Each structure stands twice: as structure tokens, then as C-alpha cells.
Amino acid sequence: MRIKIFIYSLLIFLLSTVSLYSQVVYEPLNSSVYDFLDRISQRGVIEYHDFIKPLSRLYILQKLKEADAKREKLTILEKDELKFFKKDFNLEYSLEKQLNKVSDSPSSFTKYKLFEKDNYNRFRIFSYEDPILKLNFSPVVKYETGNWDGEHYYHLTYGIRFYGYMGSKLGFQFRFHNNRQEPNIRDYLWNRFSPNQGFDLSLSDRSRIEYSEVNAILATDWKWGSISVGQDLMTIGYAKSGQIILSAKAPAYPFIRLDIYPNKWLYFSFIHAWLNSDVIDSNSFYPSTRVRPYNTDRFNWRQKFFAQHSLTIRPLKGLDLTVGERVIYSDRLEISYLIPLMFFDQADEHLSRDNNFAGSNTQLFFAVSSRDHIPNTHLWGSFFADELTPEGLFDPKTQYYKFGFTLGSTIVDLPINNLSTRIEYTKIYPGTYRHFIPTITTESSSYLLGHWMGDNADLIYASLNYRVLRGLVVELWGQYIRKGQESLNDKGYGLPIEPFLYGLRKNYTYFGINIDYEILHELKANIRFKSIKESKQKSDDSFIDRTLKQFSVRLSYGF
Numbered sequence: 001m002r003i004k005i006f007i008y009s010l011l012i013f014l015l016s017t018v019s020l021y022s023q024v025v026y027e028p029l030n031s032s033v034y035d036f037l038d039r040i041s042q043r044g045v046i047e048y049h050d051f052i053k054p055l056s057r058l059y060i061l062q063k064l065k066e067a068d069a070k071r072e073k074l075t076i077l078e079k080d081e082l083k084f085f086k087k088d089f090n091l092e093y094s095l096e097k098q099l100n101k102v103s104d105s106p107s108s109f110t111k112y113k114l115f116e117k118d119n120y121n122r123f124r125i126f127s128y129e130d131p132i133l134k135l136n137f138s139p140v141v142k143y144e145t146g147n148w149d150g151e152h153y154y155h156l157t158y159g160i161r162f163y164g165y166m167g168s169k170l171g172f173q174f175r176f177h178n179n180r181q182e183p184n185i186r187d188y189l190w191n192r193f194s195p196n197q198g199f200d201l202s203l204s205d206r207s208r209i210e211y212s213e214v215n216a217i218l219a220t221d222w223k224w225g226s227i228s229v230g231q232d233l234m235t236i237g238y239a240k241s242g243q244i245i246l247s248a249k250a251p252a253y254p255f256i257r258l259d260i261y262p263n264k265w266l267y268f269s270f271i272h273a274w275l276n277s278d279v280i281d282s283n284s285f286y287p288s289t290r291v292r293p294y295n296t297d298r299f300n301w302r303q304k305f306f307a308q309h310s311l312t313i314r315p316l317k318g319l320d321l322t323v324g325e326r327v328i329y330s331d332r333l334e335i336s337y338l339i340p341l342m343f344f345d346q347a348d349e350h351l352s353r354d355n356n357f358a359g360s361n362t363q364l365f366f367a368v369s370s371r372d373h374i375p376n377t378h379l380w381g382s383f384f385a386d387e388l389t390p391e392g393l394f395d396p397k398t399q400y401y402k403f404g405f406t407l408g409s410t411i412v413d414l415p416i417n418n419l420s421t422r423i424e425y426t427k428i429y430p431g432t433y434r435h436f437i438p439t440i441t442t443e444s445s446s447y448l449l450g451h452w453m454g455d456n457a458d459l460i461y462a463s464l465n466y467r468v469l470r471g472l473v474v475e476l477w478g479q480y481i482r483k484g485q486e487s488l489n490d491k492g493y494g495l496p497i498e499p500f501l502y503g504l505r506k507n508y509t510y511f512g513i514n515i516d517y518e519i520l521h522e523l524k525a526n527i528r529f530k531s532i533k534e535s536k537q538k539s540d541d542s543f544i545d546r547t548l549k550q551f552s553v554r555l556s557y558g559f
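In the working numbering, the protein residues as written are 1 to 559.
Just so you know, these hints were derived from the structure itself, not from any lab. As the structure is a prediction and not an experimental result, all values here were calculated from the model. Each residue gets a CB set at the ideal place from its N, CA and C atoms; glycine is no exception. Each hint should be verified, as a subset may be incorrect.
Derived lysine to aspartate or glutamate pairs resembling EDC-like cross-links, with alpha carbons at most 20 Å apart [to be verified]: (1) LYS397 to GLU498; (2) LYS524 to GLU534; (3) LYS530 to GLU144; (4) LYS83 to GLU66; (5) LYS536 to GLU486; (6) LYS427 to ASP413; (7) LYS533 to ASP545; (8) LYS86 to GLU116; (9) LYS533 to ASP187; (10) LYS97 to GLU144; (11) LYS506 to ASP545; (12) LYS87 to GLU66; (13) LYS524 to ASP200; (14) LYS83 to GLU522; (15) LYS142 to ASP200; (16) LYS427 to GLU498; (17) LYS223 to ASP372; (18) LYS524 to GLU66; (19) LYS73 to ASP372.
Label pairs and their calculated CB-CB ranges [unchecked claim]: (20) ASN507 to TYR112: 53 to 63 Å; (21) LYS223 to LEU203: 43 to 53 Å; (22) PHE551 to SER409: 51 to 61 Å; (23) ARG208 to HIS521: 29 to 39 Å; (24) GLU151 to PHE285: 35 to 45 Å; (25) LEU203 to LYS397: 45 to 55 Å; (26) ILE76 to SER202: 30 to 40 Å; (27) THR547 to PRO390: 39 to 49 Å.
Produce the entire structure from the sequences given, and follow the hints as far as they go.
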């Protein structure tokens with residue numbers, strides 16, 4: 001109870017007493033503006049930092065303004081894209097001018113618009129604006145039909161989305177949608193072993209699945225920082241084929257996020273999140289009054305959390321160096337892990353009395369990003385360590401380490417304008433993300449928080465991406481995965497550690513074509529084709545192969 005009072009008091013204090021500069025609304029992770037800013041930053045047009053996403057719409061506006069000031073460095077297509085994105089961020093542009101007291105009050109505007117262009121010439125289903133409240137509302141609709149391994153399916157998503165600003169202090173956003181898919185495709189490659197976001201099922205049988213998703217955030221910022229509380233997804237890293245540190249694989253979870261940026265060369269981030277352990281508390285059962293043929297006892301799940309902080313230093317334009325630490329802990333909320341500057345590993349030793357069976361799961365990560373130091377090129381690397389000690393690295397008898405890394409590069413506008421080439425390599429050693437205590441694995445709702453392919457695997461990914469015209473993108477991609485036995489149960493805890501790719505192996509070869517067209521703001525059409533060859537090793541070292549193909553067409557609004 002005291003910890004809850006502490007959290008509420010801290011949030012109220014920050015929301016009410018800080019000298020506020022503006023509000024925060026985060027741009028969804030699937031927004032095409034991220035790719036646009038990433039591309040032009042690789043040519044040195046803007047300085048851009050996207051290690052942790054989502055980013056705020058006001059930050060993105062600043063980057064669009066930087067690009068607008070250097071229009072002579074943009075291609076003809078990029079100028080069209082810039083014009084398109086600026087129209088979507090005109091509300092933030094007007095808000096910024098009001099906060100800086102360089103524009104008139106919007107009270108002369110029409111307060112609400114329905115199925116027409118808003119006060120900034122951008123079509124919206126519904127918008128509202130007065131001196132206190134700014135609000136944009138959209139329905140969320142997506143229909144996808146396709147074929148998976150010879151079986152026809154459809155997926156329907158529907159719901160609502162809105163975001164806006166309240167006065168000069170508060171930004172808010174909300175998204176809710178239901179999903180229905182027929183039939184229920186149970187193939188492991190469909191959802192579990194793929195980058196597709198996981199979900200908490202509300203209904204599942206042989207003919208269909210249904211589930212709901214909700215994201216909601218309240219946030220504010222001031223001159224040198226921001227704080228938000230909500231439920232959403234975040235990613236950490238630069239890779240497209242999957243993030244080893246924090247990915248969007250698991251369903252959305254509640255969190256508190258603090259970002260501090262005292263100057264241009266220093267950035268600090270703190271996140272505390274509430275996860276789903278999927279582990280039942282065996283001491284929590286007590287009877288309910290409902291009588292059924294099956295057990296109706298009331299029970300609770302074991303509580304699960306993670307806390308994470310990172311520090312990014314920018315010694316040169318385009319160069320970001322990041323070091324961070326995370327702890328995954330369970331059973332009860334610990335105030336030590338709510339302190340942004342706490343050394344989590346030392347706190348774990350104190351709280352557990354240095355007993356491994358009473359402890360938490362502490363992790364380290366590092367990242368480096370270099371943009372335009374080699375012209376038109378983004379080079380990056382990420383390193384994630386679950387367990388790593390000097391004595392466990394080199395002695396063959398005591399080798400014991402659990403870590404993964406990603407190296408990648410993107411080249412834009414070479415040899416022709418509007419063409420992007422990407423290559424990535426990821427390697428994850430056995431036992432990474434796993435833990436012998438089931439409540440402190442690197443998972444939420446039984447989905448990995450890190451890279452979707454899991455431990456004891458590596459991946460090489462390559463793609464060619466060509467922008468035909470504003471909003472129309474054609475991408476060819478391929479990847480190859482080798483995966484050994486996963487280190488479940490007691491596997492992966494002996495000395496020396498099992499070698500990389502131990503056990504019977506599976507190889508996966510992917511080839512795909514994506515055609516995406518953002519017709520209007522929020523209105524998108526997508527065509528996808530993907531071929532997967534799976535090779536499973538047998539005990540006699542031979543392989544059994546199968547090939548699956550997926551083709552889909554999707555139309556969406558509000559995503």
C-alpha cells in the first residue's frame with residue numbers, strides 16, 4: 001500500500017508542479033514517418049534518435065521542421081513525403097506556436113469537424129478543438145484475407161482510436177480494437193515463431209479465435225524531460241527482423257516511462273512495467289459460490305515486473321552510444337526498482353540476501369549507432385547479456401554465458417535514389433531469455449520480450465526496399481534461421497554450457513514480397529507474399545522438409 005501511495009504521489013507531483021513546456025502524445029510504432037526520418041537521417045539531413053520507440057509527435061514535428069529547413073537536400077519524392085507528413089502534424093505545429101505565445105488563440109476555429117478536413121486541412125473522421133481541448137478521433141478497421149499453406153482465412157479488426165491534448169499540461173491517447181480470425185490456424189510458424197505481435201485470447205476453438213487489444217497513455221513533458229503512464233508496446237533497438245533487447249512481440253503491458261534529456265549529447269530513460277507471469281499462485285485458491293462440473297475456485301496469478309534504465313551519450317553528430325540495465329522480478333512491487341538511478345544488480349543482491357533462489361533476473365545491454373559517418377549509411381549493433389562473467393567466457397570446463405547480439409547496416413539512395421538496402425545478423429546463445437524460476441523469465445503472457453526466435457538460434461536478414469511514389473513501397477526480403485534445442489526446464493544450467501545450436505536442429509528459409517500503399521492518411525492497402533521452407537533434423541542427422549506459402553491482401557483505416 002505504501003508503494004502505491006508513493007507512485008501516485010510521484011505522478012501527481014510531476015504533473016502539477018513541474019514547469020511544463022508541452023504535452024506528449026506518442027506516434028504508433030507502425031507509422032511510416034519513422035522510416036522517412038530514418039532514411040533522411042542516414043544522409044545527414046537531420047539528426048535523429050530512435051533507439052527507444054515510440055517517439056512523441058512533438059519530437060517528430062521538430063525533425064520534420066529540420067528537414068523542411070534543408071529541403072534542397074531532399075529528393076523530389078522525399079519532398080512529397082515531407083508535405084504529406086507535415087499535414088498530419090499541423091495540430092502539433094499550431095500547439096507549439098501557442099505554447100511559445102507566437103500565435104492567436106484557436107477560439108476562432110470551427111470547434112468540431114465531422115467527415116471533413118480539420119482546421120489544418122487534413123481530412124479526419126472527427127476532430128474537435130477549443131482553447132483547452134484538442135481531440136482527433138478515428139475508427140479502427142482492418143480486413144485481411146489470404147491463404148496460409150493452402151487454407152483460406154480472414155482476419156477482421158474493428159475498434160476506435162483517439163488522441164489529443166488537454167490545456168498546456170497533458171497529452172492523452174487511446175486505442176481499442178477487437179479481432180476475429182477464421183479459421184484458427186494452429187501452425188507454430190503462424191504466430192509463435194514469427195515477429196507477429198502476440199495476444200491474450202478471449203475465445204479459441206477449431207473454427208476461430210477472438211481477442212481484444214487496448215492501449216492507453218497519459219503523458220506530459222517539460223523542457224528537459226517527460227513522463228508517461230499507460231499501457232502500450234515499446235521497442236528498443238534498430239533492427240527490422242527483431243529486437244534482442246525489447247521487442248513488440250508480447251501483448252501490451254502497463255508501464256511508467258521517464259525520459260530525461262538535459263542537453264543534446266545526453267539522454268536517460270527509465271521504464272517500469274507490470275507483466276503477466278502466467279504462473280498461478282498455488283497459495284491463493286479459495287472457493288467461489290459458483291457450482292460447475294469443473295473447478296471454480298478463485299485464484300491469483302503471481303505478480304511479475306520489469307524495471308529498466310539506460311544512458312545514451314552522443315559524442316558526435318550521428319553517433320549514439322548506449323548502456324543499460326534491466327531487472328525482471330516477481331511476487332511483490334519493490335521500491336528499490338522504482339528508483340531510476342538504482343544499480344539493479346546490487347539491489348537484487350541486497351533484497352535476496354545474495355541467494356539465487358530468492359533473487360531476480362538482472363540483465364545488461366549495450367548499443368551503438370552510426371549515421372552518415374559513411375555516406376548514406378546507418379551502421380548499428382546491439383548486445384544483450386542475461387548472464388556473463390569473465391571466468392565463464394574462456395575456460396572450456398566452466399564456460400557459462402547467455403547473451404545475444406545484432407549487427408546491421410542500411411544504405412539508402414545507392415546506386416539509385418529511393419532505394420534502400422538492409423542486412424542484419426542476429427545470434428542468440430543457449431539459455432538467453434530463460435530462467436529456472438518461471439516468474440522471472442524474459443516473457444510476458446508467455447511471449448518473449450526479446451527477439452521472437454528465442455535462444456540457441458541465429459538469423460541473417462536482407463532486404464531491398466524501393467519507394468515508387470509517395471506512399472507506395474515495394475520490398476523484397478529474405479532471411480535464413482538456424483535454431484537448435486531451446487534451453488527449457490533444467491537444460492542450460494550445467495557446466496560447461498551447451499554449445500551453440502546443440503540438439504536437433506531446425507533450419508528456416510524465408511523469401512517474401514511486400515507491397516504497401518498509404519493511399520491517404522490512415523488509409524492503407526497491403527499485399528503480402530511469403531514462402532517458408534522448414535527443415536527438421538532427425539536423430540539420424542537427415543532432414544525432413546516442408547514448404548509453406550502465404551498470400552494476403554489487407555485494407556485498413558486507423559492503423
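_Violated constraints from the hint list, given by number and in increasing order_ = 2, 6, 10, 13, 17, 18, 22, 26
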